[in-house]
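Residue numbers (full-length UniProt numbering), protein chains in the order written: chain X, 1 to 458; chain E, 1 to 458.
Hints listed in this document are in silico derivations from the structure and should not be mistaken for laboratory results. Glycine included, every Cβ here is placed at the ideal spot set by N, Cα and C. You may find that some hints are simply not true.
Calculated pairs, DSSO-like style, for lysine-lysine (alpha carbon to alpha carbon, straight line, at most 27 Å) [claimed, not checked]:
1. Lys-336/E to Lys-160/X
2. Lys-160/X to Lys-386/E
3. Lys-309/E to Lys-435/X
4. Lys-330/E to Lys-100/X
5. Lys-160/E to Lys-97/X
6. Lys-435/X to Lys-122/E
7. Lys-262/E to Lys-160/E
8. Lys-302/E to Lys-386/X
9. Lys-336/E to Lys-295/E
10. Lys-425/X to Lys-295/E
11. Lys-451/E to Lys-386/X
12. Lys-425/E to Lys-425/X
13. Lys-425/X to Lys-336/E
14. Lys-419/X to Lys-336/E
15. Lys-397/X to Lys-435/E
16. Lys-397/X to Lys-100/E
17. Lys-336/X to Lys-330/E
So the derived label-pair ranges between C-beta atoms look like this [stated by the list, open to error]:
18. Arg-111/E to Asp-354/X: 50 to 58 Å
19. Arg-440/E to Asn-127/X: 15 to 23 Å
20. Pro-289/E to Lys-419/X: 22 to 30 Å
21. Val-313/E to Asp-92/X: 24 to 32 Å
22. Asp-354/E to Pro-116/X: 40 to 48 Å
23. Glu-132/E to Tyr-259/X: 51 to 59 Å
24. Phe-143/E to Lys-295/X: 54 to 62 Å
25. Phe-143/E to Asp-354/X: 29 to 37 Å
26. Asp-101/X to Pro-138/E: 33 to 41 Å
There are 2 protein chains.
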Amino acid sequence: MLDRVLGPLNARRLHRVFRKAKLTVLCLFLTLIVLRANIGAGKFGTPEKDLDEIRETFSHIRNRAEPRRVLEEVAELKSSGDADAGSKNYADFDIKKILKDEDDGFPEFKRDPSQPYSLGPKISDWNEQRSEWLKNNPDYPNFVAENKPRVLLVTGSSPKPCENPVGDHYLLKSIKNKIDYSRLHGIEIFYNMALLDAEMAGFWAKLPLIRQLLLSHPEVEFLWWMDSDAMFTDMAYEVPWERYKDHNFVMHGWNEMIYDEKNWIGLNTGSFLLRNCQWSLDILDTWAPMGPKGKIREDAGKILTRELKGRPVFEADDQSAMVYILATEKEKWGEKVYLENHYYLHGYWGILVDKYEQMIESYHPGFGDHRWPLVTHFVGCKPCGKFGDYPVERCLKQMDRAFNFGDNQILQMYGFTHKSLASRKVVRIRNETSKPLEVRDELGLLHPSFKAVKTGSS
Amino acid sequence: MLDRVLGPLNARRLHRVFRKAKLTVLCLFLTLIVLRANIGAGKFGTPEKDLDEIRETFSHIRNRAEPRRVLEEVAELKSSGDADAGSKNYADFDIKKILKDEDDGFPEFKRDPSQPYSLGPKISDWNEQRSEWLKNNPDYPNFVAENKPRVLLVTGSSPKPCENPVGDHYLLKSIKNKIDYSRLHGIEIFYNMALLDAEMAGFWAKLPLIRQLLLSHPEVEFLWWMDSDAMFTDMAYEVPWERYKDHNFVMHGWNEMIYDEKNWIGLNTGSFLLRNCQWSLDILDTWAPMGPKGKIREDAGKILTRELKGRPVFEADDQSAMVYILATEKEKWGEKVYLENHYYLHGYWGILVDKYEQMIESYHPGFGDHRWPLVTHFVGCKPCGKFGDYPVERCLKQMDRAFNFGDNQILQMYGFTHKSLASRKVVRIRNETSKPLEVRDELGLLHPSFKAVKTGSS
């Protein structure tokens, strides 16, 4: 028909155009289908889910937000100008984009790499400075009771949200766990979220932090560093402080594995005790030089891999560095280092978590060792990162079990327990009473002796 | 050429086939490009990033996981059977599915609704029980220093990961903030993650918890409830305990707004002090009946909306219920209730957060009031849920600012501060020294007088 209107030549041209256009249109159509399928399955959910969310959002606004906000502002005198701008639905946002720090990406440090790294000005008379201070500040004694030193538990995590959303949830459970243990044992906590020295990022960040805390808190006798992926699983176990009266540095480990084998996992720096004294400042200064990010840390890593048994290839880490220091300078440091293995100051999770039910069956809290580990440490799980060294499902489920295993010891104080080690739900294990003070909790943790502190005033 | 081989008709057919095939191939090609672009841009990053991740994963496995795991197992004697099963990449998982509790969805409580709700067996002689206990347990005094009661700060959050991934990160920052304040002020913390009574879920969950803690800890003089969305912004402010020596319940609020107006936001139950005594058990018993989930809470909500000024329509909440109780039973409870508004025991964030810079300019920590609020409370932001009452971006950014505003007061103790209120990065504000004990932090928070506790032993 076209060729009658346009002429045969033009009609053929037009047909050719249509044919090419058909090709383009078909490709475009196909592309659109593919695009829609991808976008739909990813960010915005199914159409049905969108409608539900819209319904919910609308009803929520209609019923709650406006009246309360207006009233609060009237009551409090000032309204905030831009309070109305923007979505109230968290799912609408790329949270990472909102929380992007103005400094992300900026070069972080400008130290001259030819200058040796230093944690701070050299101090040689710390013991003297500290004892002078303690003498002048009797309200801040370094021993809070007989044979009980003042202890500061130090832990921390990145100031950024975890790469993996569930990571922060586990950090939260982990700090709750530490809060519980520390409250029972009269220990204070410092939770760090600041990178004090950008050169010492990652596992090395603890060194500048530890030094700063020791120097700022002369009243602290022992600083207890604990990784964020380590949890207390024996709430009743009190560290045998007296055992360490002649030592300054306590780590879980084995003498033979360090001094004979130079084995890179002969000790663990995920949970250790460090006395506040000159010796400790000195070992921190000895420890730090392998830490600075970049060439120094890379090269140090090669040395450590070469020198230590079984160490894979990767940049220098604080644990390997400490193995190296102790193995090569035993005469200098060894006498004051206690490698503890009679209880789990650090307990590798892999060989502990499957045994919790057996432990419950055969033992009770208070042993701190293989029978009832003080600490279960989830080395390698890295729930805050994108991927770890172990299967995700095993890590998350076992971390929940370890948390509940410890939490049960807290809950029993109040007459509750988790329904199972896998369950968040709690159930009663004791009837309520109108004479609560006549009931003692089974583990005696409500008012334990290791917490009682004699005060001079009332 | 083809038509010489195949004959003109077949050649033409073949040409037609080729032409159609060309169309199909072109579309497929286009589709592949589009698919690749979409997959690349979403889950797995750019191709370059994919390669990097693959390299990293491969080297990670080659270098770290296997040798370390094998060694740890050899060193620790047992290997876990299913350690090799499953992905190590957190992004591969629907985490919610992994963490789905066996009990999710099960009916949670089976109480007879015709029976009145009760927090527990009636106790009428708590003051006597408690003073007897205190007399017999001098190691657990209810006053830890002169005019300083033993205080337990109680807060908490759901045992489930937040609906919105960034929610847990803010819960984490919030508890760190509370840990800091509490450490400075000699206060202990209880972080709750257990639902003790399924009927009293949501904002009512605090009631069974508070009662249980009071009864289990007679040594606690004041229980300080604080919401998870409230943060300390004045680290130097000590609550004026003496002011409340004749009161049992301290909330931020205004007498007129409660007793004259019955205004539903005349007080705030997001941060309050409750003395451990019979009176408090009684008011908890009076408070609880509007709480049980379902018809009771719904109907109670209607009463509260009808009776209170400005209250929108929604189920009964603990705050409205308390307004109602005080307004309708003033003669019974009023004498022992202190509605405090001379400092921000609770400070509505909306009117505070834009003023932080002015505060820094004109004032200093220690006021606790409009000049430097003790508490900034992010009512309505709900970062743990899917959506809140306010724009997401404003909430998150302001929560970061409030956190940093408080954190700066902690960091200055150690010579650091945040680069700005919006930044996670910290910078030095004091030169390092070899005489750290001669330097006092500006705010005097390292060894504040309100923390010094006289001990009888050394």
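Right, here's what the structure says about each hint:
1. For the proposed pair Lys-336/E and Lys-160/X, the alpha carbon gap of about 44 Å is over 27 Å, so the pair is violated.
2. Straight-line distance between C-alpha atoms of Lys-160/X and Lys-386/E comes to about 20 Å, which keeps the hinted pair within the 27 Å bound.
3. Restraint check: the Cα-Cα separation between Lys-309/E and Lys-435/X comes to about 41 Å, which exceeds 27 Å; the hinted pair is violated.
4. About 50 Å separates the Cα atoms of Lys-330/E and Lys-100/X, which puts this hinted pair outside 27 Å; it is violated.
5. For the given pair, Lys-160/E sits about 25 Å from Lys-97/X by alpha-carbon distance, which is consistent with the 27 Å threshold.
6. For the given pair, Lys-435/X sits about 10 Å from Lys-122/E by alpha-carbon distance, which is consistent with the 27 Å threshold.
7. At roughly 36 Å between alpha-carbon atoms, Lys-262/E and Lys-160/E are farther apart than 27 Å, so this suggested pair is violated.
8. The suggested pairing of Lys-302/E with Lys-386/X is violated, with an alpha-carbon distance near 48 Å, which exceeds 27 Å.
9. Under the criterion of a C-alpha separation no larger than 27 Å, the hint pairing Lys-336/E with Lys-295/E is inconsistent with the structure, at around 32 Å.
10. About 23 Å separates the Cα atoms of Lys-425/X and Lys-295/E, which keeps this hinted pair within 27 Å; it holds.
11. A hinted pair counts as satisfied when its Cα atoms are at most 27 Å apart, and Lys-451/E with Lys-386/X does not qualify at roughly 41 Å.
12. Straight-line distance between C-alpha atoms of Lys-425/E and Lys-425/X comes to about 39 Å, which puts the hinted pair past the 27 Å bound.
13. Straight-line distance between C-alpha atoms of Lys-425/X and Lys-336/E comes to about 36 Å, which puts the hinted pair past the 27 Å bound.
14. Our distance criterion of 27 Å between C-alpha atoms is broken by Lys-419/X and Lys-336/E, whose separation comes to about 40 Å.
15. For the hint pairing Lys-397/X with Lys-435/E, the CA-to-CA distance comes to about 48 Å; that exceeds 27 Å, so the pair is violated.
16. Distance restraint check for Lys-397/X and Lys-100/E: the Cα-Cα separation of roughly 10 Å lies within the 27 Å cut-off, and the hinted pair is therefore satisfied.
17. About 65 Å separates the Cα atoms of Lys-336/X and Lys-330/E, which puts this hinted pair outside 27 Å; it is violated.
18. Checked against the given bound of 50 to 58 Å, the beta carbons of Arg-111/E and Asp-354/X, roughly 37 Å apart, lie outside it.
19. Under the hint 15 to 23 Å, the C-beta atoms of Arg-440/E and Asn-127/X, about 21 Å apart, fit the expected range.
20. In this structure the supplied range 22 to 30 Å holds for Pro-289/E paired with Lys-419/X, their Cβ-Cβ distance being about 27 Å.
21. Separation of Val-313/E from Asp-92/X is about 26 Å and conforms to the stated range, judged on CB atoms against 24 to 32 Å.
22. Between Asp-354/E and Pro-116/X the beta carbons are some 46 Å apart, a value that agrees with the proposed interval 40 to 48 Å.
23. Between Glu-132/E and Tyr-259/X the Cβ separation comes to about 57 Å, which falls inside the hinted range of 51 to 59 Å.
24. In this structure, Phe-143/E and Lys-295/X meet the distance hint of 54 to 62 Å, their C-beta atoms being roughly 58 Å apart.
25. Our hint of 29 to 37 Å for Phe-143/E and Asp-354/X is violated, since their Cβ atoms are close to 47 Å apart.
26. Look at Asp-101/X against Pro-138/E: about 51 Å separates their beta carbons, and that is not inside 33 to 41 Å.
In terms of the numbered hints stated before, the structure departs from hints 1, 3, 4, 7, 8, 9, 11, 12, 13, 14, 15, 17, 18, 25, 26, listed from lowest to highest.
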